[in-house]
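Peer 1: If you want the building blocks of each chain, they are given just below.
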Amino acid sequence: MSTQRSNVIDEWRAGMDEGLVPQGIFNDEELYELEMERIFAREWQFVGFTDEISDPGDYVVRPIGNKEYIVTRDEDGDVRILLNRCRHQGTPVCNVEAGNTSHFRCRYHGWTYDNEGDLIGVPHKDSAYGDDLDPDEMALEPIANYDTYEGMIFANPDPDAEPLEEFLGDFRWYMDFFTGTTDEGLYVTGPTRSIANLNWKMSLLNVVGDTYHGPTTHRSGFETGLIGPDTEQFGDLSEYKLHIACGPGALELARRPYIAGHRDEVKDTIRRNVSDDQWAVMADQGWTPNNCGLFPNVVMVNLSMKVAEDEKVPITMVQTFVPRGPSKTEVFSWVVNQKEAGKEHHEKAVQAATFTFGSGGTFLQDDIDIWSRVTESGEGPGPGGDDRDMKLTMKLDEEHVEEDPDFPGPGRVYGVEFSEENGRYYLDMVLDALGNGDAGADGAGTEADAGAEGDADTEAE
Amino acid sequence: MAQRETDADAAGAAGDGADVERYHEARRFLYEEAEKIDDREFDAWLEMMTEDIRYRIPARQTRSEGGKGEFRGDAHHVDDNRFMLETRVERLETEHAWAEQPRSRTRHFVSNVRVVEASDAEMEVKSNLLLHINRGDDPESHRISGERQDVLRKVDGAWKLDDRTVYLDHATLPLGKISVFI
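If you read the protein sequences in the order shown, they are chains U and Y.
When we follow numbering that gives the first Met the number 0, the leftmost residue of the first sequence carries the number 0, and every step to the right adds one.
When we follow numbering that gives the first Met the number 0, the leftmost residue of the second sequence carries the number 0, and every step to the right adds one.
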């Protein structure tokens, strides 16, 4: 085992309490392998929306960790998540990204599975196997756990995983603001997919609470009038904001009523679907959960963006930053809307979202460019001084964090303009999930993880 | 630049003189437009668009039917109206469009121009696009390819781009971001 890697995790663990994080966490190869094993083989991950597979036979293929899974709706209408791997010799049984089919036939030797995963056809079965092959034991391997919440499909490869509801916990109170304010379900557009040269943690670290990057990174947005004083988005940067850390997520609320920009019928729908406390936050107190990160790699945003000089629309986006290597990430990006808002509104919102935070978006492109450069510049070893740490030290002193007594939502709530507290909260979650970080020599059990995994089993699948 | 407007064979176009002329007009328009992008003359480029311009790059999904059947969804990498294109150009003219600081070096190769339908007022034109992008001191370049389907419209005696859809050959965008005009 190389010492390079333990150095990164050890340094990370040693410095975290002081807000010092080695930049190497964005490109260290052994750390990446550990993340694959401890996070992407064990934690709940968002894979797509139920609306993407609305009819029996609909399927999409999605990555979970370094494996491909078929996310499909079987003939009974149930969601199934199946490893895209023939049980015979490991050939992927599905070689496109989306479609509709009642069965998957392996192109190598012809084993055929129905969309519940059952092996229903083996060519020349009698002469090839006689009685030696029991099809019941050769079904496509289902993911150990999956569940849905408000139209979002989550999967977890760990058979001992806690239920999704427990994992999300109180954080659901905030998720409602993104996907839970509808009776009829969601319009879902996407995903678009793009590959960026950055580490998957980079984007989450930003989105959970880095208001501080706004004035500089997105200065062109202010200069062109897309955001700023004349808009509802970041109208006054010095305004009071709420930072919230809650269960597996962390977010920022902006001083903009969530219901603003919605037609009255949609407001009624929203009202019916939220609690009195949530409504008070959206309407009376005038907050919107603006940017939000859900461990390990989901980004959710509610924004108000222009489609024309004098027309703004509320938009909701969900993105996953899927690791494709230590410094390579695939970005999946969806735009969603309450069906009650109407197709026309949804199309406008999709256009506004595409223009701002899509793969060609005027905001996200600057984020992506900068995150790529940070990922790249952290590559070591090499020349330079001893300081390889990122300083996430802002508002480290708890005295500066004030609770907001009037806010009814769960979690740790504090009103502050700029803070790196949520970033530290997020990275703490990553560190906790990684355990003691002793990859090769593991087996002795991880130290006091908060997670529900009771064993120190290190096998990857 | 002089165009050999009567050389129908060299142009690869068939039919009468009017067809040949339109083919040349379409080709001249597309070359000039590509030059404006690659030379970063974006204000002049915008002048080649109508007020109603819609500029789309739809997202593609690998599907068994292949071809245009892979563009079934309504997701886009780019779906711009005039306001959005103007804002992009305005943004690039600030000093803080970081994704284009330093500037990407683009080279648009536009070929296989086909005039699908044409009248004196409107032309539907297909062409192939190969876009080469290099930036900074990175020895690696990005290549994007696709088919453009354009509608050109005559406005005050000049052809303008009224509608463009770029059907990319990529399901997963090989770029982290689109910061250039495709």
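What the hints contain is simulated information worked out from the structure, not anything from laboratory work.
Being a predicted model, the structure only gives us computed values, none of them experimental.
A couple of the hints might just be wrong.
What the hints assert, rightly or not - A short, non-exhaustive set of chain Y residues, derived as facing chain U with CB atoms under 10 Å:
#1 Glu20
#2 Ala33
#3 Arg62
#4 Glu64
#5 Thr86
#6 Ala98
#7 Arg102
#8 Ser178
As the list claims (entries may be wrong) - Derived pair list, reagent style DSSO-like, types lysine-lysine, alpha-carbon separation capped at 30 Å:
#9 Y:Lys67 - U:Lys66
#10 Y:Lys159 - Y:Lys35
#11 U:Lys338 - Y:Lys159
Don't be surprised by glycine CBs; every beta carbon is placed ideally from N, CA and C.
Peer 1: None of the hints should be skipped; say for each whether it holds.
Peer 2: Going through the hints against the structure:
A hinted interface residue such as glutamate 20 of chain Y counts as satisfied when its beta carbon comes closer than 10 Å to some beta carbon of chain U; here the least separation is about 35 Å, so the hint is violated. For alanine 33 of chain Y, the shortest C-beta to C-beta distance to chain U is roughly 18 Å, which exceeds 10 Å, and the interface hint is violated. Taking 10 Å as the C-beta contact cut-off toward chain U, the hint placing arginine 62 of chain Y at the interface holds, the least distance being around 5 Å. Hint status for glutamate 64 of chain Y: holds, given a least beta-carbon distance of 8 Å to chain U, under 10 Å.
Given the 10 Å rule on beta carbons, the hint for threonine 86 of chain Y holds: about 5 Å separates it from the nearest Cβ of chain U. Because the beta carbon of alanine 98 of chain Y sits about 4 Å from the nearest beta carbon in chain U, less than 10 Å, this interface hint is met. At a threshold of 10 Å, the smallest CB-CB gap from arginine 102 of chain Y to chain U is about 12 Å, leaving the interface hint violated. Hint on serine 178 of chain Y holds. Least Cβ distance to chain U is approximately 5 Å, under the 10 Å limit.
Simply put, lysine 67 of chain Y and lysine 66 of chain U have alpha-carbon atoms about 28 Å apart, close enough for the 30 Å limit, and the pair holds. For the given pair, lysine 159 of chain Y sits about 14 Å from lysine 35 of chain Y by alpha-carbon distance, which is consistent with the 30 Å threshold. Between lysine 338 of chain U and lysine 159 of chain Y the alpha-carbon distance is near 37 Å, which puts this suggested pair outside the 30 Å criterion.
Checked against the numbered hints listed earlier, the structure breaks hints 1, 2, 7 and 11; every other hint is satisfied.
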